[in-house]
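Colleague: Here is how the chains run, residue by residue.
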Amino acid sequence: MQFPAKMIHSLFLVNSSGDIFLEKHWKSVVSRSVCDYFFEAQERASEPENVPPVIPTPHHYLISVLRHRIYFVAVIQSEVPPLFVIEFLHRVVDTFQDYFGVCTEAAIKDNVVVVYELLEEMLDNGFPLATESNILKELIKPPTILRTVVNTITGSTNVGEQLPTGQLSVVPWRRTGVKYTNNEAYFDVVEEIDAIIDKSGSTITAEIQGVIDACVKLTGMPDLTLSFMNPRLLDDVSFHPCVRFKRWEAERILSFIPPDGNFRLLSYHVSCQNLVAIPVYVKHNITFREGSSQGRFELTLGPKQTMGKGLEAVLISSQLPRGVLNTNLNPSQGTYNFDPVTKLLSWDVGKINPQKLPSLKGSMSLQAGASKPDENPTINIQFKIQQSALSGLKVNRLDMYGEKYKPFKGIKYMTKAGKFQVRT
Amino acid sequence: MSASSAFNDEKGGSSNVGEPEYGHDPASGGIFSSDYKRHDDLKEMLDSNKDSLKLEAMKRIVAMIARGKNASDLFPAVVKNVACKNIEVKKLVYVYLVRYAEEQQDLALLSISTFQRGLKDPNQLIRASALRVLSSIRVTIIVPIMMLAIKEAASDMSPYVRKTAAHAIPKLYSLDPEQKDCLIEVIEKLLADKTTLVAGSVVMAFEEVCPERIDLIHKNYRKLCNLLIDVEEWGQVVIINMLTRYARTQFLNPNMNVSIADKEEKEKKKTEATAIVKRKPYVMDPDHRLLLRNTKPLLQSRNAAVVMAVAQLYFHLAPKAEVGVIAKALVRLMRSHSEVQYVVLQNVATMSIKRRGMFEPYLKSFYIRSTDPTQIKVLKLEVLTNLANETNISTILREFQTYIKSNDKDFVAATIQAIGRCATNIGEVRDTCLNGLVQLLSNRDELVVAESVVVIKKLLQMQPEQHSDIIKHMAKLTDNIQVPMARASILWLIGEYCEHVPKIAPDVLRKMAKTFTNEEDIVKLQIINLAAKLYLTNSKQTKLLTQYVLNLAKYDQNYDIRDRARFIRQLIVPTDKSGALSKYAKKLFLALKPAPVLESPFKDRDHFQLGSLSHLLNAKAGGYQVLPDWPEAAPDPSVRNVEVPEWTKCSSREKRKEKKADKPFYSDSEGESGPTESADSEEVKKSEKKSKPRIGSSESESEEDEDSESESSESEEEESEEESEEETKKKKKVGNERLENTHTTDIHTHSERRNTHILNCDSQPNTIASVQVFDTICKPAWLYMQFLLNPPLPVSVPQTIVPSGNLKTYELLHRITGEGLSVEYCFSRQPFSPDPHMVAVKIQFTNSATSEAKSLHVEDAKLQSGMRIKEFPEIEVLPAGETVSVVMGIDFCDSTQAANFQLCTHTRKFFVSIQPPVGELMMPIFMTENEFKKEQGQLMGMNEITEKLTLEEKCQGEHAVVQRVTTAANLSRPSCTSSPVSDSQVRWEDGDQWQPCTGQCGHQRGRGRPADGQLNFLPLLQLGSVSLCSLTYIQPHIHPLSFQIPQYLESSFSSLRYW
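First to last, the protein sequences are chains Y and X.
Residues 1 to 424 in full-length UniProt numbering are what the first sequence lists, from first letter to last.
Residues 1 to 1059 in full-length UniProt numbering are what the second sequence lists, from first letter to last.
A portion of the hints provided could be inaccurate.
Straight line, CA to CA, 30 Å or less: simulated DSS-like cross-link-like pairs of lysine-lysine [unchecked claim]: (1) K364(X) / K416(Y); (2) K137(Y) / K80(X); (3) K384(Y) / K364(X); (4) K296(X) / K394(Y); (5) K246(Y) / K808(X); (6) K419(Y) / K364(X); (7) K283(Y) / K364(X); (8) K246(Y) / K320(X); (9) K141(Y) / K43(X); (10) K394(Y) / K328(X).
Keep in mind that the hints were calculated from the coordinates and are not lab data.
Keep in mind the model is a prediction, meaning the values are calculated, not measured.
Looking at chain Y on its own, in the form it has when it is part of the complex:
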C-alpha cells in the first residue's frame, strides 16, 4: 500500500478575521476549502489560543500555530511527528520576523515575493531544506530600504548567485567572508522568573529560566569560549547547534564558532533546589460582598529581595470576574485601565520607589442582583530588574581564538517576570 508522501504539503496563512491571505503548496495543490475544517474548530474554540493545534479531517491533517494573531496552518497528508511541523512553523515565523522586523499580515503582504522565495528555500517537497538564518540570508538578501531602492532602479536582485558556503562547511550556521570594521560581541543574560504565589503570599512554585542571547559581529571565523563563575547553577541547558557539547560536558565551558548576527546561544533552567528569591510582593484585598453591588479593591506592591536593584517596568494585569461592570480605582502612581468588555484590568505602574510604595485602591461596581463571583481574580505581574540575574549566574570571561584582532565585548544582565501569578 502506498501512502501519499509525508511531511508538509501546503501552508495557509489565516488572519484573525478568518481570511486566508497567503497560500503555498509544495506538492500538488490542495484546495483552500480544506481550511473550512479549521474555521469550524476556530468557531468552536472560545479563545483564539484554544484552537487545537492538530485537527484531523477526512483526507488531511491540519497542524497550526498561532503567532502575532496569524494562524499558520500546515496541511499534512500522513503520519509525521506533529512537533516536527510545529517547530518548523515557528521557525518560519522567526525567519519572517528576522527579515521584516515584524511578522504581521501587512509585512507579509508587502514582501510577498521574498516570503515566497523564503518558503521555497526552507522546504523542498515538504521537507525542511535550509532553515538556518545565516544561510537563508546568503540565498535571499533581507529587504532594506536602500536595497529596495537600488533594486528598483538597477533591476538587480535579492537573490544570491552562489551556493552559501555554510551549506557545505562544517559550520553550517555561519556565513563566510564576514567583515566588520568594529568587531563586537554582545551577550545578554536574560532570566525569567516563573512563579505562583498563593493567597497568603507563600510561594507555591517558583523557578528561574534564562537565556543567553548573543549579538556577534566579528570578522572571519572566530572561535569563542565563554565560561561562568558558577556553572553549577545551570541545571538543564539547551544549546544552539554551534556549541560543542563534549566540551561543556567535560569542563562546563561554552566553546563555539558563533553564527553571524543575532542568535540564542543557550537557554537554561536554574536548579530548583536553590530557593528562588521572589523580588516583589503584593498586598491585596479584593472583596465582593453577597448582595451588595460594590466590591472593594486594594492592591499594594513592594520590592523584596532585589539585591538593591530597582524594579522597573512593572505592569499589573488581572482578569476580573464577569460580574464586574466597572471599576473606580485610584492609582498612587502610573495609569490604570479597565476594559468593561473583556473585564481586563491593567495597571502600568512603572518604577517602584521603595520609599513610596505604589498602590491601587477603590471600588468595583457589580452587576445588580448577580451573585458574588466564586473566584477572586488572579494577578499577573510583569517587571524588569536591570543589571542583575536573579540566579546569580555570572559570566567569568569570554575569549576569542582563531582571529588576530581584539573584539569589543559586552555583557548585560537582566531579570524579568515570566509567568508570575499571584492568586488572591
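Mind docking chain X on chain Y? Use the hints.
Modeller: Relative to chain Y, chain X alone:
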C-alpha cells in the same frame, strides 16, 4: 516596494490593502475581466528585453499565486523565460513552473532541455536547483529523464547535489511508484554516503519509499549513530525515528530481565524440587548502547522535535532505569510555545502512566496557571492526576481546590473528574475527596454540581454502606439540579441503594412521578429504573406509584421509553403469563455491580510510537509505521559489521569536539570487524566470545548452564555452588589460554556469580587475590572498608583501612619541567588529623637532578572561595636521587575545583594544581546494614537519585564492582551483622559520614566537605544484570557533587587504568 505595488495592482478595483477575502470579493467578476487585460501587459513585460520589466512581471505573478489566484493562462509567456540570465527572474519562473506544470504538461516539456543543460553546469548550486525543479515538475512523461538525473546526481562530487538527489527520490516515487526498485538502488547507494549533509535526506527518502527494507540499514547503522550529532536538526528527527524502529527489530528488550526475574523468583519458591529454568543473562548489544549514548546529547537540542524524538527513543528502547533522563528535557519543552506544550503534554501524559516516578520530581512544573489555554490546563490536570500518589496527594488536592474556583467551567469540570480519579486510585483520600465533592454540591454553578454528582455516583459505588447520608443529601438536590445527567445519576444512586435510604426513596419517586412528563429522556429512563427497583424492595409503599410511572411511560413519545416500560412491567409485575424470569427480577435489577474504574484516557496509548501523529490522535494515521515488538531472540548482530571501518574517522566537527571518551568503544568494534576464526577447538571460540564485549556471551553460557543443570538437581544450593565452581573452572581455563588478558580474567572469574549468596563468597579463596585488607587504626568514627569476604570485623572497633598498594598516583610536576624535581601526589585516604574537614594529600618529591634541592615549600595558593590549604612543613634539603613524602591537607569545600598553588624551591617556583576526583571527597562512616536500611527508609522519594551505569564485561560481577568502587571512591560495603542479603540482588552500601538524621538537618553551604556531617549520601549499588549496575543515592539534600558521582564511577568502570 515592487512587491507591494504588485499586490495593490492585482487588487483591481479595491484599493484597500487590508481588504480581506479576495476569493469572495463581490466585485470579482469585474476584476476577472480586467485581469485579462492586465495579463496582457504582463505578457508584454515578460516578452520585453529588459530584465527589470520581466522581474516586475514575475513578482506580480508570484503575488497572484500566493493569493491563490489563477495565473495559468500566462504559462507560455512565463516558460519562455526559463533560460533567463537574471537569477531572480529564473527563480521566480521556477516557482511558477512547479506550481502550474502539472496542469500544462505539454508546455512544461519546453522547459526540460534547460534543466538538462543545468544538470551539467559546473556550478553546484545550478546543478542542484535544476534537479530540484526538474524533479518537482509533476509530469509523468519525464519520469525516465528524472530517473537518469537522480542516478547521476547521486554520484555527484558535491554533497549538496547528492542531498538534492535524495530529496528528489520521494518526488519521483510519488509520481511513479513503479520506479521503486530502481529508487531503492539509489537509496542504498546514498545511504552509504558519509557526509552529514546527505544522511538526513536519504533516511527521509528511505522512510517514504521503502521503510520495510530494514536490511539496508544494517551496514550503515553505526555510521548513522555516529554522524547523528552533526546532522541538521530535521534530519536528526527522521533518523532517530527510523532507528527506533530499527532497534526494536534488532535488539533484545533491555527490560525483559526485570519481568523475567520476578517470575523466576516466584517459580523458585514454588518448585523447589524441579529443575529451575535458567535464563540467559541479558547483555545489551553494544550497538544498542551506541544508539542510546549517541542520542543522549541531543536532549540538549534547541529543537523541540529533536528532543521529543530522543525522548520517545529512550522511552521505547532504554532500560527502565535510564529512561529518567528524558524527564528534565521534556519539562523544559513546557516553557515553549503553547502548541509545543500541547504535544509534549500529550506524550508526558502517556509516559506518566507507565513510568510515574520519572516525572514526580517535576510535579510543580505541571501546576496550572490561570492564563494557560483550556486545552493545556486539561492536559496538565491529566498529568497531575497520573502523578498523584500517597505522598503527594495532599498537595495535589490543595491545588485542585484552587482550580475548582476557576472561571473556566470546562476546566472546573475536568478538575472534578480528576478528583474522582485520585479518589479511586488512592484509598486513603477517598473520604476527603468525597467530602470535598459533597461540598461542591452546594456550589452555585449548576455545571459544577452536575459534574460532582456524576463523580460522586461513581465513588459511592465503591462503598455505598458508609455513605447513606450523602445519598440522602443528594436526594434533596433533585429539587434544584436541572442538568439531566446529574438528575439521572442521583436517581440511579437512590434506586441502587434504596435499602440504605428506605424512607426517602419512595418520596423521591413520588416527586419524580409528578414531573415525569417534563423530564429529559435519560432522566425518564432512570425514573422507570428507580420505580422498578423500589417495587421489588418495597412494593407496599410504591406499587401504585410504579404503576403510575409505567403508565405514563407507556404513552411516551420516545419509543425507547415505551419499550423500557413494557419490558419492566413484564419483568417485575407477576402475572399468570409472566415467565420464569420474573422470579429472578430482584436478582436481575439489584445484582451487585462492579464499581466503575476511572481510567486515564491515555492508558495504553503507548502502543503508538510516542511523538507520532497517530499517538496524538489516538488513531492510526495514514503511513504510520507500527512500532514492532521486541524480538524473542536477537538477530545476528554481525550484520552490522562493516568491512572497512572507515566511519571511525570522525567528521571534522566531531574532531573539534574532542571525542576522546568514545574512542575505545569504536576501536573495539574495529577489531571485531575482522574476526579471527583461526582456532578450531570449541573452548577457544568460547573464550574469544567472552573476552570481546561486542559479541553476546549468552549463547555459550546457556550451554554451560544446561550442562550443570543436568548434573545436579538435588537442591538449589548445591546446584548453584556446583555450577559456580564449574564456571570458575571454565573461566580459569579460558584465562590460561588467553594469557594476554590475565589482568582481566581475575575479575572475570567472579563475574558470573551474582546469583549466589554473599556468604558463599567466604568460601572462595581466590576472590581475595585482588582485594587488599588494611588495618591502620585511626580515630573513632572512622571505618573504612569491611568486606564480607573476611570474617566480620568487630563492629565496635572503628578502623581505617588504607589501600596502600592500589592508590592512584597523579603527577604534580614532571621531571623535565621541574628541572629534575619530580612530584607526584596521591590521596592517602587517611584522615587529616589537624583538620577533619580536609582531605589528606600525600605528596612525594623525587629529586632526580644532580644537585640537591633546597627549601621545598608551598606558596601563594590561589583558591576558590572557601577552600583552604594546610601546607606541609618546609623540606629543608632534598639531596640528589633521594625521595621524600609529605602530607598536606586541602579543604576542597565539596567541589571538584582544582586547588592551585605554587611549589617553590630555593631557585624556582612552579605553578601546580591538584584536582580531586569526586570519589576522594567522600568521607566514609561506619554503619551496619540494618542502620543503613533504617536511615534509607526515612529518606525515600524525593531524596532519591538513581543513576544507571553500564559496566564493561571486564568489570562485571559483584567483586569486581566492589573492588572498583572502593578503589575509585571511599565507599565500601556496610558491615553485615544481621542476616545476609538474600535476594538475587547483591547490595552493598556506604554512606560517607552519617550522623543520626531525622531528615531535617539544615544543609549549610560552603562549610566544608561532605564529611561535615551536614550532608549524607547513602549510595546503594544494585547489580541488576551482568552488565548493568544501578546506583541509587539517598540524601536529604541534593548536592552538586552527587551528580558527578555516577559519572565518576562510570569512568572508573570503563577505564582500565586503575588496574
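Colleague: Failing hints, ascending?
Modeller: Violated: none.
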